Amino acid sequence: MNTKITTIEKDQPEEVEIRCHSISDEVREIVAFVKSRQGQLTGTADDRFYEIAVSEIFYIESVDNKAFIYTEKKVYETKQKLYELEDILREKHFLRISKSMLLNLMKVGAIKPSLNSRFIAVLYSGEQVVISRKYVPDLKKALKGEN
Amino acid sequence: MTFKEFFLSRMQVFFFLVTMILLASVILGSVFAPQQELRYYHLLSPVIIAALCVLPTMVTFSKKEPSLLRFLITHLIELVLIEGVVMIMIAPPEDIEKITFYIILGTVILVIYVLVELMMWFQKVQQSKKLTEQLKLLQQSEESSYR
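For the protein sequence lines, the chains are A and B, in the order given. Under the numbering used here, the first residue of the first sequence carries the number 136, and numbering increases by one thereafter. Under the numbering used here, the first residue of the second sequence carries the number 2, and numbering increases by one thereafter.
By construction, these hints were calculated from the structure, which means they are not laboratory data. Treat the hints loosely; a few may be bogus.
[Claimed, not checked] Below, computed lysine to aspartate or glutamate pairings styled on EDC-like, alpha-carbon distance capped at 16 Å:
| no. | chain 1 | residue 1 | chain 2 | residue 2 |
| --- | --- | --- | --- | --- |
| 1 | A | Lys234 | B | Glu134 |
| 2 | A | Lys201 | A | Glu164 |
| 3 | A | Lys279 | B | Glu134 |
Since we're looking at a predicted model, the values are computed, not measured.
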């Protein structure tokens with residue numbers, strides 16, 4: 136796929152146009168990436184595509200090489216990899232809390248101790264997720280605004 | 002957990018143990034051998050016993066995050082080793098039945114062990130509270146930046 140970038144005047148709206156033969160997975164991935172940069176992720180549920188506002192996401196979990204987006208009431212599957220999402224969402228206060236999970240710190244109500252240097256994050260939905268020992272220093276840095 | 006962090010936590014345990022062993026010596030000594038006279042070098046006993054009790058705690062060190070089962074097993078091994086070390090070091094007085102002495106000693110060690118674990122847990126609770134406060138501040142600052 137060729138890429139073409141055109142610089143436009145400041146009074147014109149910026150846009151990304153994809154000219155393709157068919158809407159393939161690759162195209163969907165590009166669209167998902169662009170939208171994620173704008174505060175939205177694309178996910179599928181019940182064989183339908185949904186736009187999910189980043190502010191609605193509680194956490195993102197990777198299971199068997201598939202990433203799932205968890206909101207308060209619904210779970211969506213996304214084509215994007217967890218490490219890609221980690222890069223994109225870092226500025227939106229998402230933090231890696233285990234090998235397979237990214238947590239939205241804005242959705243955490245409290246942090247509780249757990250066994251063996253781990254912590255538990257209690258989400259506003261009432262759900263609890265484990266913060267692995269390895270990622271506790273990153274959490275401390277993030278909360279101090281050092282990340 | 003790095004070895005440095007683990008070592009620092011063991012130092013904390015050591016100083017807490019010295020205090021607890023000293024207190025236990027005072028209480029048990031005044032009950033079972035109130036007429037006993039001590040020499041200056043006896044003051045070193047709590048320090049030596051605490052140091053020897055910290056050594057078996059090395060079995061709990063792990064760079065990787067252990068499972069809950071492994072965590073419980075290593076702590077059980079740790080307790081058994083500590084009980085063994087102390088029972089080898091302290092001989093029963095002549096006027097007390099051996100079995101009674103070892104039951105009391107074993108119970109005292111168990112109580113001190115539980116107190117140390119409680120102290121460590123209390124520290125984690127305090128740490129969690131601090132993290133939750135920092136989290137709230139982060140969320141408030143983020144919310145106010147949107148207004």
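- Task: Mind listing which of the numbered hints don't hold for this structure, in increasing order?
- Result: Violated: hint 1 alone.
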